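Visitor: For the protein sequence lines, the chains are A and B, in the order given. The opening position of the first sequence corresponds to residue 1 in the numbering used here, with each subsequent residue numbered one higher. The opening position of the second sequence corresponds to residue 304 in the numbering used here, with each subsequent residue numbered one higher.
It is possible that some hints are incorrect.
[Unchecked claim] Once the Cα atoms are required to be at most 30 Å apart in a straight line, the calculated BS3-like pairs of lysine-lysine come out as: (1) Lys153/A with Lys579/B; (2) Lys153/A with Lys668/B; (3) Lys965/B with Lys255/A; (4) Lys251/A with Lys668/B; (5) Lys222/A with Lys204/A; (6) Lys153/A with Lys411/B; (7) Lys485/B with Lys153/A; (8) Lys763/B with Lys668/B; (9) Lys965/B with Lys251/A; (10) Lys343/B with Lys153/A; (11) Lys343/B with Lys668/B; (12) Lys343/B with Lys435/B; (13) Lys153/A with Lys410/B.
[Unchecked claim] Computed Cβ-Cβ distance ranges for the label pairs, DEER-style: (14) Leu736/B with Glu264/A: 39 to 49 Å; (15) Gly65/A with Asp441/B: 30 to 40 Å; (16) Arg925/B with Gln69/A: 15 to 25 Å; (17) Asp441/B with Leu64/A: 30 to 40 Å.
Rather than coming from a laboratory, the hints here were simulated on the basis of the structure. Predicted, not measured: the structure shown is a model, and the values here were computed from it. Just so it is clear, CB atoms sit at the ideal spot from N, CA and C, and this is done for glycine as well.
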Amino acid sequence: MSIVRPIARAFAELRLLAFLLATNLLVALIGSIPYLLPALEAFGHSSLERGTAFPSIAVSISFLGILGQSAGFVGGSAAVSVLSAFALQIIVASGVAFRVWKGGRFRLSEFLEAIGRFFGRNLRLFLWSLIGLAVAVGLSAGSAAALNAAGWKTLFTSTGVEWFLEPPFTFTSLAHLAFVLILFALWRGSLDLARVKMVANDEKKTRKLAWQALKQMVRSPKVLAGYAAVSLVGVFALLVMLRLHGEIAVKGAGKAWLAIAVGELVLWVRLGFSVAGYAYLAEKERRAPATQPVPVGPPVLAS
Amino acid sequence: MLPPLLAVALAVAPPFFDEQGRSIGAPLSNRVVQYQIDAKLDPVANTVTGSEQLVWRNRGADPQARLWFHLYWNAFKNDRSTLYWDARRMGGMRDEDSTSPNFPNRKKDEWGFIDVTEFSVHEGASVLSSLKYQHPDDDNAEDETVFTVDLPEPVPAGGSITLDIRWLARVPEIVERAGHVKDYYLLGQWFPKIGVLEIPGERGATAPRWNCHQYHATSEFYADFGVFDAHLTVPAAFKVGATGVLVDTKDQSDGTRTYHFHQDDVHDFAWTAWPKFEVTDVVFEEPDLPKVQITVFLAPQHQRSLPQYVDAIKASLRYYGRWWTAFPYSHLTLVDPPADAIASGGMEYPTFIALVSRNDPGEPKDYEVWSVTAHEFGHNYWYGLVASNEFEEAWLDEGINTYGTSKVCSAENVRRDLNSALPSFLRPWFPGLPAWTEVDSIRAVSGSRWDSPVILAAWKYRSLSDYARNSYPRPAANLYALERIVGEDTMARVMKTYAQRWKFRHPRSEDFFAVAEEESRQDLGWFWKDFFRGTGQLDYAVNDLSCVEHPKNDAKGIFGTGEARKTVEPPKGKPKSDEKGQTYARCEIEVSRVGDIEVPVTLNVTFDDGTSVREIWDGKDRWHRWTYDRPMPDGEVREAALDDHGPLALDMTPHNNSRTRKTNTGSAVAIFGFFTFVGQFLASLLGMFA
Chain A
1 MSIVRPIARA FAELRLLAFL LATNLLVALI GSIPYLLPAL EAFGHSSLER
51 GTAFPSIAVS ISFLGILGQS AGFVGGSAAV SVLSAFALQI IVASGVAFRV
101 WKGGRFRLSE FLEAIGRFFG RNLRLFLWSL IGLAVAVGLS AGSAAALNAA
151 GWKTLFTSTG VEWFLEPPFT FTSLAHLAFV LILFALWRGS LDLARVKMVA
201 NDEKKTRKLA WQALKQMVRS PKVLAGYAAV SLVGVFALLV MLRLHGEIAV
251 KGAGKAWLAI AVGELVLWVR LGFSVAGYAY LAEKERRAPA TQPVPVGPPV
301 LAS
Chain B
304 MLPPLLAVAL AVAPPFFDEQ GRSIGAPLSN RVVQYQIDAK LDPVANTVTG
354 SEQLVWRNRG ADPQARLWFH LYWNAFKNDR STLYWDARRM GGMRDEDSTS
404 PNFPNRKKDE WGFIDVTEFS VHEGASVLSS LKYQHPDDDN AEDETVFTVD
454 LPEPVPAGGS ITLDIRWLAR VPEIVERAGH VKDYYLLGQW FPKIGVLEIP
504 GERGATAPRW NCHQYHATSE FYADFGVFDA HLTVPAAFKV GATGVLVDTK
554 DQSDGTRTYH FHQDDVHDFA WTAWPKFEVT DVVFEEPDLP KVQITVFLAP
604 QHQRSLPQYV DAIKASLRYY GRWWTAFPYS HLTLVDPPAD AIASGGMEYP
654 TFIALVSRND PGEPKDYEVW SVTAHEFGHN YWYGLVASNE FEEAWLDEGI
704 NTYGTSKVCS AENVRRDLNS ALPSFLRPWF PGLPAWTEVD SIRAVSGSRW
754 DSPVILAAWK YRSLSDYARN SYPRPAANLY ALERIVGEDT MARVMKTYAQ
804 RWKFRHPRSE DFFAVAEEES RQDLGWFWKD FFRGTGQLDY AVNDLSCVEH
854 PKNDAKGIFG TGEARKTVEP PKGKPKSDEK GQTYARCEIE VSRVGDIEVP
904 VTLNVTFDDG TSVREIWDGK DRWHRWTYDR PMPDGEVREA ALDDHGPLAL
954 DMTPHNNSRT RKTNTGSAVA IFGFFTFVGQ FLASLLGMFA
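Please model the complete structure; the sequences and the hints are all you need to start from.
Guide: Here it is, written out as structure tokens:
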């Protein structure tokens with residue numbers, strides 16, 4: 001199956017993407033609003049570095065000094081913003097899976113209703129998936145430590161100085177990176193697939209869902225490769241958008257607002273490819289043969 | 304054939320030294336010491352066994368019966384040394400985290416030491432039994448980095464003594480820029496080195512006095528000039544670079560090779576050895592400057608940095624040679640350590656510098672390669688030629704050299720660029736990442752409300768960062784402010800006169816200050832007091848700018864007496880126009896002295912009609928206010944800004960040194976947008992785990 005169709009499908013979900021972008025913006029504002037007042041106070045009537053593209057060093061240094069005086073407040077708001085973002089992403093994930101499975105016209109009430117209906121199951125599914133994440137992290141860290149002990153540096157075991165002076169892009173380190181990315185794609189893909197299966201079948205047994213989705217991803221390298229391909233195209237598109245964003249030399253209020261607008265476009269692309277991953281798996285699920293009986297999970301996971 | 308005048312102009316300046324490192328003509332320095340060193344490196348046991356014959360001349364008017372010596376490597380002998388005490392007290396040392404509970408985190412074979420095994424007067428008695436460790440800087444009886452010996456006969460005034468010294472040293476795992484990693488060695492401060500006997504008139508001395516400080520976590524070095532001749536024996540596979548000129552090599556039947564180096568008129572000797580070095584020789588030749596042979600000892604993985612090394616060192620030789628004084632030595636050695644030995648990089652010794660490079664350098668001019676090369680070579684002027692006392696006045700080397708480094712970087716448009724920190728294949732994707740100049744860096748870290756004075760012994764600072772800030776960027780920023788006060792041309796003369804007058808002579812801060820006052824013909828006592836000896840902060844702020852529109856005559860109240868008395872009502876509503884339909888703007892500007900340093904300030908006031916006025920204030924009171932009454936519609940003040948062409952370049956908070964009447968939303972929106980975007984982006988990335 002082409003990966004173009006799910007990507008196109010995702011970017012056609014204009015209302016869904018607008019909703020996701022709006023919530024993302026709201027959460028980010030929790031973190032950034034506290035910067036605005038000191039910024040206005042300090043620079044609202046200052047001509048420091050006027051005409052120099054932001055972030056000029058003089059402005060940045062002065063601003064960081066000001067922030068340092070209220071580090072607790074600023075740090076607190078940043079922490080609240082991060083936690084809110086994380087929670088929100090989990091909550092809306094079931095709504096996104098529902099949308100790409102159901103299709104048709106986007107209705108906010110229907111979307112919110114799906115989020116509410118699947119809230120508990122989605123949360124349990126996420127918690128089950130953490131076991132898989134822990135295994136993936138353990139394998140990544142363990143292999144990195146083993147390679148390091150054998151004298152082979154990996155991207156994760158090189159010090160900051162080594163990264164700066166001699167970036168460790170060797171065959172071994174890149175092979176290890178590929179291994180880590182495959183593990184991560186396997187974990188993330190199986191979580192997304194489980195969510196799609198959950199909304200598709202209105203399945204309530206989340207542990208079985210998580211296990212079934214993981215097995216399906218392991219047994220279907222093509223699906224895994226397709227899912228990874230969507231993600232890689234997304235990374236490339238994101239780099240292009242970041243390059244565009246970086247081209248804007250902010251020398252005044254107008255360019256500052258333009259940079260904000262282009263920044264939203266960058267986020268739009270990022271969110272679009274995030275939805276595209278679900279769309280790809282939903283398409284796969286739709287084309288799959290009739291659902292096999294859900295096997296019993298491994299004893300170690302039995303509750 | 305070139306016309307005679309052009310031929311003269313293009314002629315290379317005559318050399319000061321011959322091809323064996325010996326001076327041509329009169330000695331350049333007063334040659335207090337002559338070292339003849341024989342040393343053998345055992346890379347299996349990581350030891351250096353050495354002997355030295357030292358001729359020392361007593362320049363003082365009094366006989367000297369007791370001689371003072373450094374034994375630097377004993378600082379790495381155990382965790383009780385003053386160096387490690389300092390590191391714990393000051394929160395760190397170079398490349399090591401002293402906050403770790405395991406600090407110093409060294410395995411048993413990573414400690415180093417140096418033992419004097421024999422010490423005798425040449426063809427005379429041993430004085431080893433009189434060897435006694437001294438602690439001139441603290442009460443740490445466990446520190447063994449300084450010792451004295453008592454002579455059977457004092458060295459008479461003006462006389463000399465020849466000493467035979469033998470020692471055994473174990474090379475530490477690299478620490479404080481010296482030591483080894485595997486079979487890579489960088490050996491600095493590695494032999495017993497005599498202290499400096501300062502004589503009256505030298506650095507404020509009124510009577511002969513020994514200056515021989517312990518090795519501290521923050522201190523560097525100070526020594527007398529002389530002649531260094533060294534025979535270094537290593538396994539034949541090792542490639543060796545050292546201070547001075549390689550005179551010859553000799554292979555032995557036991558598979559070792561002896562390298563013979565010599566250099567007149569230096570005050571220290573360092574060397575490196577590693578089998579894997581790739582060695583490249585280049586020549587620096589410029590009209591009006593002496594020729595310099597350059598040997599680069601390169602880690603193989605840094606091949607791509609080699610062209611930049613060569614360009615950077617040639618540019619530095621050219622700029623410093625023309626700005627300050629010609630580099631007199633005929634040979635210069637550059638050492639490029641491998642990444643796992645990078646802790647030995649960024650260090651200077653006479654005619655021998657250890658650098659920092661990358662296997663994927665930024666193009667066209669990598670900041671690390673260029674700035675470190677310019678910086679370490681610059682030390683060959685202030686530490687090397689001028690040879691101030693780094694223990695007691697670190698700024699005279701580090702601060703002046705930071706200023707010089709930034710001058711070279713500015714001249715060559717070398718910028719610190721976050722983009723070049725990325726692997727080269729990613730750099731085209733992130734062109735807009737921040738980049739800043741060396742001057743920006745100096746400004747960024749030059750000030751703190753907790754500053755100690757710039758002039759302070761290195762080990763007396765509150766912390767490592769206090770030492771670093773007040774020895775590197777703060778004095779460099781002060782020199783930039785001085786440049787603004789006296790003018791660029793005068794500052795260039797100050798630097799040149801200082802370098803040429805004081806080379807080979809051990810100046811102190813007062814000597815630099817005297818040159819600056821002489822060249823500028825200004826009394827700069829206030830500047831030295833506040834910015835080099837003081838701890839105050841310079842902080843002025845334009846804290847108010849407001850304008851009110853009013854008719855020409857807006858007086859109110861009771862005026863006059865008797866029958867002439869009349870009551871004038873205050874105007875209501877919008878300001879009333881006078882008989883010509885003209886209103887006026889009454890604007891007030893207030894400038895405050897927030898910090899405790901008082902300097903004269905100049906305020907530039909610009910009005911809406913484009914005209915401007917300059918106001919001068921002596922800056923002594925806590926605040927000063929100016930009022931203007933000008934006709935509308937263009938009579939309002941548009942902007943008031945303090946002139947930073949002077950000491951105000953050192954203001955702690957430059958953002959409040961100006962004020963516009965109208966809100967300038969550009970910076971605020973940019974900051975807001977930047978943080979919002981970063982927040983959104985991070986939130987979306989977080990979604991990969993949710």
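Visitor: Each hint needs a verdict: does it hold in this structure or not?
Guide: These are the hints, each one checked on the structure:
A threshold of 30 Å between alpha carbons decides the hint, and for lysine 153/A with lysine 579/B the separation of about 20 Å falls inside it, so the pair holds. With a CA separation close to 28 Å, the supplied pair lysine 153/A and lysine 668/B stays within the 30 Å bound. A threshold of 30 Å between alpha carbons decides the hint, and for lysine 965/B with lysine 255/A the separation of about 19 Å falls inside it, so the pair holds. Among the hinted pairs, lysine 251/A with lysine 668/B is consistent with the structure: their alpha-carbon atoms are about 26 Å apart, no more than 30 Å.
With a CA separation close to 27 Å, the supplied pair lysine 222/A and lysine 204/A stays within the 30 Å bound. Taking the CA atoms of lysine 153/A and lysine 411/B, the gap is near 25 Å; set against the 30 Å cutoff, the hint holds. Proposed proximity of lysine 485/B and lysine 153/A is supported: the alpha carbons are some 17 Å apart, at most 30 Å. Distance restraint check for lysine 763/B and lysine 668/B: the Cα-Cα separation of roughly 37 Å exceeds the 30 Å cut-off, and the hinted pair is therefore not satisfied.
For the suggested pair lysine 965/B and lysine 251/A, the alpha carbons sit about 17 Å apart, so the restraint of at most 30 Å is met. This hinted pair does not check out: lysine 343/B and lysine 153/A have alpha carbons roughly 34 Å apart, beyond 30 Å. Taking the CA atoms of lysine 343/B and lysine 668/B, the gap is near 39 Å; set against the 30 Å cutoff, the hint is violated. Taking the CA atoms of lysine 343/B and lysine 435/B, the gap is near 26 Å; set against the 30 Å cutoff, the hint holds.
With a C-alpha separation of about 22 Å, the suggested pair lysine 153/A and lysine 410/B falls inside the 30 Å cut-off, and the hint holds. Taking 39 to 49 Å as the suggested C-beta distance range, the pair leucine 736/B and glutamate 264/A does not conform, at roughly 21 Å. In this structure, glycine 65/A and aspartate 441/B meet the distance hint of 30 to 40 Å, their C-beta atoms being roughly 35 Å apart. Taken as a hint, the range 15 to 25 Å holds for the pair arginine 925/B and glutamine 69/A, whose Cβ atoms sit roughly 21 Å apart.
The hinted window of 30 to 40 Å between aspartate 441/B and leucine 64/A holds, with their beta carbons roughly 37 Å apart.
Consistency with the previously given hints fails for numbers 8, 10, 11, 14, ordered from lowest to highest.
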